[in-house]
Structures are given as structure tokens and as C-alpha cells.
Amino acid sequence: MMTDTVHPVDTRIAASKTIGDASGDDARATARDVASQESVAPENRNLLKPISTVAKTRELVKTNRLPSMHVEDGAGGCACCHLPPAPDESTPALKKAEPNDKNRQLENKGGKVVDQAAAQLAPRAFEYNADGSATYQVRSGDTLTRISRAALRAAKGDVAFKPTEQAIASVARRIADANNIEQTDMHLIRPEMPPLKIPKDVVGVEKLPTDRVPVPGSEIIESAGASKEFVGKVKQAVEKLPPEVRRLLEESGVKIIAAGEIADYDPNLARSRPRGWPPGSSWANADGLQASDKRIVLVAENTRDGSGTLKPSRRTQGVINHEVGHSVDVVLGHFSHSDAFKAAYDKDILALSAADQIKYGYFLQGKGDNLNYAGREEAHADVFAAMKGASSNSAETEATLKNFPNSRQAIDTRLAELRQEQNRTDMLRALKPAQPGLVSADVGLGIMGAGLARAAVLASAGQEKSK
Amino acid sequence: MTLNDDINKQASIGVCWMEPDGTIKLQLSASEPGMRGEALLVYAPTQNEYMEILRHVGPLTPGEKKSVAPFPM
Numbered sequence: 001m002m003t004d005t006v007h008p009v010d011t012r013i014a015a016s017k018t019i020g021d022a023s024g025d026d027a028r029a030t031a032r033d034v035a036s037q038e039s040v041a042p043e044n045r046n047l048l049k050p051i052s053t054v055a056k057t058r059e060l061v062k063t064n065r066l067p068s069m070h071v072e073d074g075a076g077g078c079a080c081c082h083l084p085p086a087p088d089e090s091t092p093a094l095k096k097a098e099p100n101d102k103n104r105q106l107e108n109k110g111g112k113v114v115d116q117a118a119a120q121l122a123p124r125a126f127e128y129n130a131d132g133s134a135t136y137q138v139r140s141g142d143t144l145t146r147i148s149r150a151a152l153r154a155a156k157g158d159v160a161f162k163p164t165e166q167a168i169a170s171v172a173r174r175i176a177d178a179n180n181i182e183q184t185d186m187h188l189i190r191p192e193m194p195p196l197k198i199p200k201d202v203v204g205v206e207k208l209p210t211d212r213v214p215v216p217g218s219e220i221i222e223s224a225g226a227s228k229e230f231v232g233k234v235k236q237a238v239e240k241l242p243p244e245v246r247r248l249l250e251e252s253g254v255k256i257i258a259a260g261e262i263a264d265y266d267p268n269l270a271r272s273r274p275r276g277w278p279p280g281s282s283w284a285n286a287d288g289l290q291a292s293d294k295r296i297v298l299v300a301e302n303t304r305d306g307s308g309t310l311k312p313s314r315r316t317q318g319v320i321n322h323e324v325g326h327s328v329d330v331v332l333g334h335f336s337h338s339d340a341f342k343a344a345y346d347k348d349i350l351a352l353s354a355a356d357q358i359k360y361g362y363f364l365q366g367k368g369d370n371l372n373y374a375g376r377e378e379a380h381a382d383v384f385a386a387m388k389g390a391s392s393n394s395a396e397t398e399a400t401l402k403n404f405p406n407s408r409q410a411i412d413t414r415l416a417e418l419r420q421e422q423n424r425t426d427m428l429r430a431l432k433p434a435q436p437g438l439v440s441a442d443v444g445l446g447i448m449g450a451g452l453a454r455a456a457v458l459a460s461a462g463q464e465k466s467k
Numbered sequence: 001m002t003l004n005d006d007i008n009k010q011a012s013i014g015v016c017w018m019e020p021d022g023t024i025k026l027q028l029s030a031s032e033p034g035m036r037g038e039a040l041l042v043y044a045p046t047q048n049e050y051m052e053i054l055r056h057v058g059p060l061t062p063g064e065k066k067s068v069a070p071f072p073m
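Residue numbers (my numbering), protein chains in the order written: chain A, 1 to 467; chain B, 1 to 73.
Hints may be right or wrong, so weigh each one.
Pairs of lysine-lysine, DSS-like flavour, derived with a Cα cap of 25 Å [unchecked claim]:
#	chain 1	residue 1	chain 2	residue 2
1	A	LYS294	A	LYS255
2	B	LYS65	A	LYS402
3	A	LYS342	A	LYS233
4	A	LYS311	B	LYS25
5	A	LYS162	B	LYS25
6	B	LYS65	A	LYS347
7	A	LYS200	A	LYS311
8	B	LYS65	A	LYS255
9	B	LYS25	A	LYS402
10	A	LYS347	B	LYS25
11	A	LYS342	B	LYS25
12	A	LYS240	A	LYS402
13	B	LYS25	B	LYS66
Calculated from the structure, these hints are not laboratory results.
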């Protein structure tokens, strides 16, 4: 029977709840509670008698509005467990109950025991090394399992992350191997041990961005921590893009980065959770991104799965196409916001079946709000990707082309216009290579919308005629 | 055909589907100021997060595709 009553075990749960921010006085104060209930040697427990356990528990629960989390067995004990739960670093810090004279006296007597308990409750701190590995100073009460769980949380940048048992076991083995700990002795961690080495692939997030290196033979591709094979794959994928698109990207200063993983580009970004994504996920799970303000398209060789393990991405071509689709949209002055694309997109989505409306809900988001272009931008990027051979989910390439024929036509028309604009620029450049007016037309073609670029070309042609 | 108003107004972070073995795949897009990103998250039935994901996306049968509403932050 679940009850709302408080029983002694709740005191320890309450104490464990400080772990998420157990620093300074709060951690020490709560540690005193733990010490006073659990850690004091039997011969010293008489010291605790003046304060009622239940009264103190009620005070903590009341102060922090905690629910009772256990099942009372009718005799003041807990029917569901005999041991307190393991400290959970994901729970928020508690407010400390106001001290009174009696527990101030006890605080003074707690001494060493209190300090030890406070140390156990403090968050596990990893010291990061320049190579991306870390060291960890073992403390009392540590086990490889707890250290591994904390390392996975640190790698994720999410104290609420709940790694799987397999992931914890895998990390524990890697830490044991790196520190010559016998497999049979994995749980015997001692505070007097030298600091543990935590391998780079376990907590390698506190590193600097990897240097970006130009890829020979390409004006727009750079490499950041990716393997030679992957860079070659990206190069091939970029070569499959139409020449007018590659030229547009180059003239607009867009770089395509072949990265080992997102953390190679931005370690801090890799630790943060994108808005609306599932708990425990982060940008490290992404295999592609497009940063319009930095003129960057990034494709990652590896992504981290739910357990934090690096796994190769299997969607390279589709991801490059999709992110390039976003980038082309931006450098063409947000073509997906234009009347021409809007009309085509509206025709396509009105022709979708009810089932496809659910399936493509992602492309339809914000349809009712003229200020929200998210659905249209995503539709543009994925139709563009499908037209270039693979949408972000390659299995959907054919279906996307079939269901968005008008959007496809609109993109085709715009790319044909782009080719004409580039041809005109080349022609004028060949006629008068040194004329300053042509230089501005050239720049305009790269970064402005079609109308502006055409006007610049016509203006240059007019100058030619008048001479 | 007119658009379903519920879908029309709903925010979405991507699409999900279930594989024949029950694995749930989430093809997600991230949208932050000046930045977009893509990911394919895979949740096998043995993973801790599986039920949480299934509860969020709602009933799903193998082969069925659905839009994914944003998770609470």
C-alpha cells in the first residue's frame, strides 16, 4: 500500500537529493543529516537521541515538499527496500532546513564523519587533459559503476542522463583496462588509489575544437578530425552536386566541413540538448548541421548513440544534400520564403492524403502561421536533397519526389535561373574583366536574390551600351 | 483536399517510425537561431528510454510513420 506518511528511509532519499548541486554548505549540511542517521559508529549514536529521526525527516520533507517515495510496512520500516537508493546526481538541490541550537551542537560533534559524508555527496569531478582524456580522484564509496555512470553523464553534459546497464558496463571495462584494474576486482575501488585515467573516448568532450584543414583539390571542403576515407566520401558527395550549386556555395563563402563528430566542430555545442529533443539526447547525436550565420555545412563521420558510444553515420550523402539544401536556400535569399516556392509547396501539401499529412507533419509545421517558415524550409531542403540523389532518409527519396512535384519544379526553375545568371556573369567578365561595375555584379550573384543580381547585370550591360 | 488543422498547427521536431523488430527510429531536426541540425536516433526495445519514447510518440505499429511533437525541456 502506498502511503503519504514519512518513514526513516525518506531521510536518506532526501539527503541523496542534494547531489545535483551538492557543494559548499548545502552539501555539508545535508551530509550531516546522513551522518547523523547512518554513518556514526554505534557507540556514538547516543549523541543523536535528542533529535527525533521522524521529526527531522518531517522537517526535511516539509521544507522541500517531498513526496514519500517508499512503501511503509506498518512497523516504521520500508517494505520495498532495505537499502537506501544510490545517490542520484540528476535530482535538484534541496533547500536546507533551518538549523536550531540542538542540531548546531550535533554539527560540531559530527566532525570527521560529516566531512567524509559531504565528500561522498559532492558531484564527481573529472579533470580534463589537453588530449581529451580525463583524470578522476577516487573517493570513499566509489565503485567503477558509479564512476562510469558519472563519466557518461559528463560526456553527455546532462546530469539527468540515464545510461543503459550495457553502456555503464562497457565504460567500466574501458576504465578498468586503462588503469590495469583486474576484471575480477572491478568493484574494489579505494580512495588511496592514484587518480584514475578516463579514456578520451569516454569523456572526450572538454576539448578544444579540432583544427579545420583545407582539403586538397577542393575550394569548399575542410576536414576536422575526420578519417581520410570519410573526407574522400564527402568529396565524392560534393562532386555529385550540380556545378551551379558548388559555384554558388564557393562564391558565397560557404565551407563544407567533414568532421569526426560534432564535438570536433564545437565541443560545447555537442554537450547541449537541442530544443524539443528527447531527454538524454544532445547535438552529439547529430550527423549534420548547417550554420547560416557562419556559412557552414557540417557533416559528421560519427554520431554518439543513446549510450554515448560513437557510431559511424550511415546517411552521409543524404545529410550533405539536405544541409546544402538549407544553405542554398539561405544564400539565395531564403528562396523557400518566396511566392514562387510557397505557391508550389501549397499545391503539393493540399494534394497529400490524410495519411501523408501525418507522415509529413514535419514539413507542414507552422503552415497556418505566415511568420513561421520552418515547415517550408525543411520541405525545401529535403526536396532539394531528393533531387540530388538522396534525401536525409534515403529510403524516402522516391516518395518525396513523388509527393512534392511542384516544389521540385520550383527548385529546378530557380536553379536554371541561377545557371543563366552565372553564365551571364561569365560572359560579361570575359568581355570586360577589369570593369569595377562587373565586380559588384559578381558579388551580388553570389549572395543576393535573383532580381537584384539580374538588375546588377543589366546595369552593367547598360553601361556597356552607352559607351 | 484541405489540411488537417491539428497537424497544421502542431510543432514537429521530425518523424518517427517502428522497424519490424520493434525498434523505434526518430529522424529529428534541430532548429536553433542561425543553425539547423539533423539526427537519426535509434531506440531498441531493450533500452531504458524505449517506453518513454513510445509514450511520447503514442501508439506505433511496425511500418507506421508519425510526426514527432517536441519533448518537454
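Enumerated hints in conflict with the structure, sorted upward: Hints 3, 8, 10 and 11 are the ones this structure does not satisfy, whereas the remaining hints hold.
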